[in-house]
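Residues per chain are reported as follows:
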Amino acid sequence: MRIIIVGCGKVGRTLAEQLQEEDTDITLIDINADRINEIIDEVDAMGVVGNGASINTLMEAGIETADILIAVTVSDEMNLLCCLIAQKTGHCHTIARVRNPIYSKEIGFIKERLGVTMIINPELAAAQEISRLLRFPSAIKIDTFARGKVELLKFKVMPEFDLDGKSIQQITEHFRCDILFCAIEGKDFTTIPGGTNMIRNGDVVSILATPQNAAAFFKKIGLKTHQVKNTVIVGGGTISYYLAKALLAMKIKVKIIEKDKNRCEFLSEELAGATIINGDGTDRSLLLEEGLENAESFVTLTNMDEENIFLSLFAKTISNAKLVAKVNRLAYDDIIDSLDIGSVIYPKYITADYILQYVRATQNSIGSNVETLYHILDGKAEALEFKICDNSSIIGKTLSELNLKKNLLVGCLYRDGNVRIPRGHDTLEIGDRVVIVTTNKGLRDINDILEK
Amino acid sequence: MNYSMIFYILGWIFNFEAAFMLLPGITAIIYLEKNGLAFLITMLICLAIGIPLTRKKRTNKVFHAREGAVTVALSWLVLSITGALPFIISGSIPHPVDAIFETVSGFTTTGASILNDVEALSHCMLIWRSFTHWIGGMGVLVFILCLLPLTGGYHMNLMKAESPGPSVSKLVPKVQSTAKILYTIYIMLTVVEIVFLLIGKMPLFDTLCLSFGTAGTGGFGIRNDSIASYSTYSQVVITVFMILFGINFNVYYLLLTRKVMQAAKNEEVRYYLGIIGLAIVAIAINTRGMFSSFGRAFQQAAFQVGSIITTTGYATTDFNVWPVFSKTILVILMFVGACAGSTGGGIKVSRLLILCKSARKELQLYLHPNAVKKIKMDDKAIPHEVVRATNMFLFVYIMIFVTSLLIISLDNLDMVSNFTAITATLNNIGPGLGAVGPTGNFETYSYVSKIVMIFDMLAGRLEVFPLLLLFERDTWRKF
Numbered sequence: 001m002r003i004i005i006v007g008c009g010k011v012g013r014t015l016a017e018q019l020q021e022e023d024t025d026i027t028l029i030d031i032n033a034d035r036i037n038e039i040i041d042e043v044d045a046m047g048v049v050g051n052g053a054s055i056n057t058l059m060e061a062g063i064e065t066a067d068i069l070i071a072v073t074v075s076d077e078m079n080l081l082c083c084l085i086a087q088k089t090g091h092c093h094t095i096a097r098v099r100n101p102i103y104s105k106e107i108g109f110i111k112e113r114l115g116v117t118m119i120i121n122p123e124l125a126a127a128q129e130i131s132r133l134l135r136f137p138s139a140i141k142i143d144t145f146a147r148g149k150v151e152l153l154k155f156k157v158m159p160e161f162d163l164d165g166k167s168i169q170q171i172t173e174h175f176r177c178d179i180l181f182c183a184i185e186g187k188d189f190t191t192i193p194g195g196t197n198m199i200r201n202g203d204v205v206s207i208l209a210t211p212q213n214a215a216a217f218f219k220k221i222g223l224k225t226h227q228v229k230n231t232v233i234v235g236g237g238t239i240s241y242y243l244a245k246a247l248l249a250m251k252i253k254v255k256i257i258e259k260d261k262n263r264c265e266f267l268s269e270e271l272a273g274a275t276i277i278n279g280d281g282t283d284r285s286l287l288l289e290e291g292l293e294n295a296e297s298f299v300t301l302t303n304m305d306e307e308n309i310f311l312s313l314f315a316k317t318i319s320n321a322k323l324v325a326k327v328n329r330l331a332y333d334d335i336i337d338s339l340d341i342g343s344v345i346y347p348k349y350i351t352a353d354y355i356l357q358y359v360r361a362t363q364n365s366i367g368s369n370v371e372t373l374y375h376i377l378d379g380k381a382e383a384l385e386f387k388i389c390d391n392s393s394i395i396g397k398t399l400s401e402l403n404l405k406k407n408l409l410v411g412c413l414y415r416d417g418n419v420r421i422p423r424g425h426d427t428l429e430i431g432d433r434v435v436i437v438t439t440n441k442g443l444r445d446i447n448d449i450l451e452k
Numbered sequence: 001m002n003y004s005m006i007f008y009i010l011g012w013i014f015n016f017e018a019a020f021m022l023l024p025g026i027t028a029i030i031y032l033e034k035n036g037l038a039f040l041i042t043m044l045i046c047l048a049i050g051i052p053l054t055r056k057k058r059t060n061k062v063f064h065a066r067e068g069a070v071t072v073a074l075s076w077l078v079l080s081i082t083g084a085l086p087f088i089i090s091g092s093i094p095h096p097v098d099a100i101f102e103t104v105s106g107f108t109t110t111g112a113s114i115l116n117d118v119e120a121l122s123h124c125m126l127i128w129r130s131f132t133h134w135i136g137g138m139g140v141l142v143f144i145l146c147l148l149p150l151t152g153g154y155h156m157n158l159m160k161a162e163s164p165g166p167s168v169s170k171l172v173p174k175v176q177s178t179a180k181i182l183y184t185i186y187i188m189l190t191v192v193e194i195v196f197l198l199i200g201k202m203p204l205f206d207t208l209c210l211s212f213g214t215a216g217t218g219g220f221g222i223r224n225d226s227i228a229s230y231s232t233y234s235q236v237v238i239t240v241f242m243i244l245f246g247i248n249f250n251v252y253y254l255l256l257t258r259k260v261m262q263a264a265k266n267e268e269v270r271y272y273l274g275i276i277g278l279a280i281v282a283i284a285i286n287t288r289g290m291f292s293s294f295g296r297a298f299q300q301a302a303f304q305v306g307s308i309i310t311t312t313g314y315a316t317t318d319f320n321v322w323p324v325f326s327k328t329i330l331v332i333l334m335f336v337g338a339c340a341g342s343t344g345g346g347i348k349v350s351r352l353l354i355l356c357k358s359a360r361k362e363l364q365l366y367l368h369p370n371a372v373k374k375i376k377m378d379d380k381a382i383p384h385e386v387v388r389a390t391n392m393f394l395f396v397y398i399m400i401f402v403t404s405l406l407i408i409s410l411d412n413l414d415m416v417s418n419f420t421a422i423t424a425t426l427n428n429i430g431p432g433l434g435a436v437g438p439t440g441n442f443e444t445y446s447y448v449s450k451i452v453m454i455f456d457m458l459a460g461r462l463e464v465f466p467l468l469l470l471f472e473r474d475t476w477r478k479f
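Protein sequence lines, in the order shown, are assigned to chains Z and V. If you count by the numbering used here, then the first sequence holds residues 1 to 452, one letter each, in order. If you count by the numbering used here, then the second sequence holds residues 1 to 479, one letter each, in order.
Treat the hints as calculated values from the structure; they're not laboratory data. Do not take every clue at face value.
[Said to hold, decoys possible] With a straight-line cut-off of 30 Å between C-alpha atoms, the simulated DSS-like cross-links for lysine-lysine are:
1) Lys-105(Z) <-> Lys-229(Z)
2) Lys-406(Z) <-> Lys-56(V)
3) Lys-380(V) <-> Lys-88(Z)
4) Lys-406(Z) <-> Lys-380(V)
5) Lys-441(Z) <-> Lys-57(V)
6) Lys-187(Z) <-> Lys-61(V)
7) Lys-154(Z) <-> Lys-406(Z)
[Stated by the list, open to error] Derived Cβ-Cβ restraints for the label pairs, each shown as a range:
8) Arg-477(V) <-> Gly-194(Z): 51 to 59 Å
9) Ile-332(V) <-> Thr-65(Z): 38 to 46 Å
10) Arg-477(V) <-> Gly-279(Z): 49 to 57 Å
11) Val-74(Z) <-> Leu-470(V): 14 to 22 Å
Ideal Cβ positions, reconstructed from N, Cα and C, are used throughout, including at glycine.
Given only the sequences and the hints, what does the whole structure look like? Please build it.
Below you can see the structure in the form of structure tokens.
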């Protein structure tokens, strides 16, 4: 699999780091030689310095034999141009990052007529993720599988749930819920648990279940499950725009605080139902004046990571709001996690995840497909959705017969419109969709779940 | 410093050293030589150290440039010391310093010997000596990179530290694939040479030893008169292959992928071949009177020039008795060296090109003080960093040269011998002039001088900096 990545910003770099762990040959193109050199020192890839939209540069990077070209430079036009030229010179799939809302409305045309295989809009993706969180505020992170029929929910264990010291087996027996615990993160450990593992207060637990079963389980342990009624958003950028649109459609009251007057006017034109406040979102008295104390959720989307984190910390002290903060810088995610500020959204991770999903799916056009892929547990583990096709060796055997890899769970089985948690006596059949949670990275085929 | 990773790779070095010794071991069995046991003992020692080191769990797999350089330098020390054990154990070369000198000379592809009578060595010792050239030529760590399942881009640092030349470029995106391609080309060329020599009716044992020596641009012969007693056909074959092994291997890759035009454009290779051509013609004309015909003079000149510029160090004639003009040309060629990215040593043609172009730029700056001028090679601008590193390389190189010369002058040999002895070891050539000429050897020097020359050979092969890094205090500090 030969992949060319144009643009070595944060997304390009994350992609290269993730893809190098798989069987891929990566070539990076960037106009800045220093940036290329910096990445080449750490990632096993070849670097080409030059303009990614130039045919010569693309030829040097081997566009003729490439399978996928990913254009993630800062400029939308550049990304699209790269993809167009790549398609004329080679026979590769092309992925472009396009963030301007104007183009986003024309995705259909770009895909069909211009032949770009995938368009990724990081802001839209981030907004969708945030809106999912606000719909279910008790979760720190929600990922969906099987077109929304299965959810992977992450939540923190509080003393009032009365789960402390109980083993997973006890909990499932006691509450009689069809859910699967697929990860426990404590202070200094992360495990993919079996039935005997204990849960402690303060642990962050990930469960896999249908939305109904998850809701039932949360009700039984006494966790809020209703969606938020209102939200305060600081920063009126593109993500807020998309987010506000989605929230308004869900009948959630939206208040956006934005510094720039012109931007405010634009937002108020576009978002009819929202309250737009022109002011500095970091102003303490303004936040209090706008009723932060009684807000049910608080989303910080300014361009400064520090401000977002800082504001979340402030909101945490004065209100019970569900907190969501956007962070651009990827390197310090472990520190931010330890601050305990609710949900943190990394648009760059989301973009990289989307593209990775696509790359994995293309990588095996025969056999089973990776349908969806999520990084969970700070990228230490992956949750993947596979569709089982007819040439797999695992068909017809019960799960207890299969020699599965260590640190791997078959989390969810989706068959004929029904979703359930597979147990030892279940078999996998053609056409099933399964969700696999594992720390073994780079699974590309359903057969990879077996110990070789 | 990530010691767990360094020890892990050093462990593999021990294991691979044991594996390499299978070849002399098999030779000993074929020729029923008792001192082959020395290899068995060394293999066991290597495995006893290597296997526990590679089994140990590595906590931290991150590998920076400094770990790369230190690992490479330590690996070469380990290789040299363990490689010398068979000579000491078997008693073929009893003194440890002599034995290490001989092995370092082998691995660094120098080919300088302390042996008066090479023919007295057993077959297994001879083939081991030549095989060390072959291993050292392309590099042990590059070899390890081909075989070990190391992931991540960190291992580029190993390749950077071991490969000769001002800058290392990958042929393909993955380090491992690049290493594999390099070794494939290397093995293919070696096999072709073996076949050509076999066609000339040379015995198999000789073809193996001489091909290993040519491929690594080493130069250990298996006869006292080096190559002189072989047929003219064999000499011509060896001449051609010496020159081929001195060419940048990237060019072969370009040829293999049918990018002939790009390969032909390579400035370094064109200058390299140009220098060889000029030197051959000049020496042939200068030494015409010493040979029966001009053709003979030309063939002899070609062999010696090819041998010296690629830093191989085979000889078919005693160039010590040549006119001073020809000898001077050879000494200059010793410094020039082969192409970057080849198996040869010396300063490298590409570095000299960069230096000449910088000098020219400096002149231009006198004429137009505000001029902005980029130094270009193969139509690409060379980054300022590379130019700076090249300048610094030359300075450090001269410093080492001068210091070494000063130390070995205590032995009170003549100036020409001393000067060329250091030239021949620092540039990984082998023979010099005077007492260390093609017919002489390094036996006459004291052990102190030999240790200095061991250092020079390693410094020359690793291009100075990785080895010097071992002596920098900050390298070993935690902070």
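Here is what the structure says about each hint:
Between Lys-105(Z) and Lys-229(Z) the alpha-carbon distance is near 29 Å, which keeps this suggested pair within the 30 Å criterion. Distance hint between Lys-406(Z) and Lys-56(V) is fulfilled; the C-alpha atoms sit about 21 Å from each other, no more than 30 Å. As the CA atoms of Lys-380(V) and Lys-88(Z) are separated by approximately 27 Å, the hinted pair is consistent with the 30 Å bound. This hinted pair does not check out: Lys-406(Z) and Lys-380(V) have alpha carbons roughly 50 Å apart, beyond 30 Å.
For the suggested pair Lys-441(Z) and Lys-57(V), the alpha carbons sit about 20 Å apart, so the restraint of at most 30 Å is met. Between the alpha carbons of Lys-187(Z) and Lys-61(V) the distance comes to roughly 23 Å, so the proposed pair stays at or under 30 Å and holds. In summary, the hint linking Lys-154(Z) to Lys-406(Z) is supported, as the alpha carbons are separated by about 22 Å, within the 30 Å threshold. Between Arg-477(V) and Gly-194(Z) the Cβ separation comes to about 45 Å, which falls outside the hinted range of 51 to 59 Å.
At about 44 Å, the CB distance of Ile-332(V) to Thr-65(Z) agrees with the hint of 38 to 46 Å. Our hint of 49 to 57 Å for Arg-477(V) and Gly-279(Z) holds, since their Cβ atoms are close to 52 Å apart. A C-beta distance of roughly 44 Å is found between Val-74(Z) and Leu-470(V), which places it outside the suggested range of 14 to 22 Å.
Violated hints, listed in ascending order, are 4, 8 and 11; each of the other numbered hints is respected by the structure.
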